[in-house]
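So the chains spell out like this:
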Amino acid sequence: MKLIMIFLLDEKRLDDIVSLMVEAGISQASILPSEGLGEYLAKEVPIFAGLRQLFTDTRSRSRTIMALAEDEATVQNFRKLLAIEGLSFTAPGAGVMITLPVDSIQKPPSD
Amino acid sequence: MKIVKIYELLEPENITLDIEASSKESLVRELVSLLGRSGKVKDEAALIEEAMRRERVGTTGLGDGIAIPHARTDLVKGIAVAFGLSRRGIEFAALDGRPVHVVLFFAIPAEAVREYLMLLAHTARLFKKKDFVEHLMACTSPEQVIATFARYEE
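Chains as they are written, first to last, in numbering that gives the first Met the number 0: chain V, 0 to 110; chain P, 0 to 153.
Zero decoy hints are in this set.
Facing chain P, according to a computed beta carbon distance under 7 Å, are these residues of chain V, among others:
#	residue
1	SER18
2	VAL21
3	GLU22
4	GLY24
5	SER26
6	ASN76
Computed cross-link-like contacts, DSS-like style, restricted to lysine-lysine with a CA-CA straight-line distance of at most 25 Å:
#	chain 1	residue 1	chain 2	residue 2
7	V	LYS79	P	LYS1
8	P	LYS128	V	LYS11
9	P	LYS128	V	LYS79
10	V	LYS11	P	LYS129
11	P	LYS128	P	LYS1
12	V	LYS1	V	LYS79
If you're looking for bench data, these hints aren't it; they were derived computationally from the structure.
Ideal Cβ positions, reconstructed from N, Cα and C, are used throughout, including at glycine.
This is chain V alone, in the form it adopts within the complex:
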């Protein structure tokens, strides 16, 4: 089993990305509102206020997606679909996607 984590900077891509996840066979995921470190520091920690000019007045709406993929083949399905739809994470400003092996999991058998 694999854990996919996506730090999505552009919320407009969220619907497409989660749809591709489902299409790839990933049906367990959590989607969290999130904020990048730089933006948090600039707006919440006074000593870093000089960074504020880098950010707009309104909070950005980045998201963090945590998803469980059954196996590496499912991850590959997802990567392939991202590439087909031009949503790969290699473009500047898109965000970051990482995958991690899951060495232990506890959940109901039917999930």
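Chain V is fixed; fit chain P onto it per the hints.
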């Protein structure tokens, strides 16, 4: 898990290029009748009712002339898919209020939740491609329909 491909499921006998129906329910009836030819449907009347029940939850008329009526039910043996084109369009209560010209109907066993979600996501993505829909509308045979799906799904 393998990504479900429509072209691998479609059979020429489950495709019509000239839908006769003029309403949502008659359309569903016509497509279920096409599915019945493949022997995958256990009870056509009950499947029509299941699909119409799903429509009452929310329309599957996605807009831009596309509809994907479907049912998750044990009334079918395996995934069953039918396809139809209507040149004149069918009133379907679509999201954009416009008539429907391209219809993909599918039914999938109730326990196949993941495959159901995969198929829905897959078809919704396919039908977002305007050139794909234009190519489907230009098909003149069921075999061309299957080949068009194959071209965009491979």
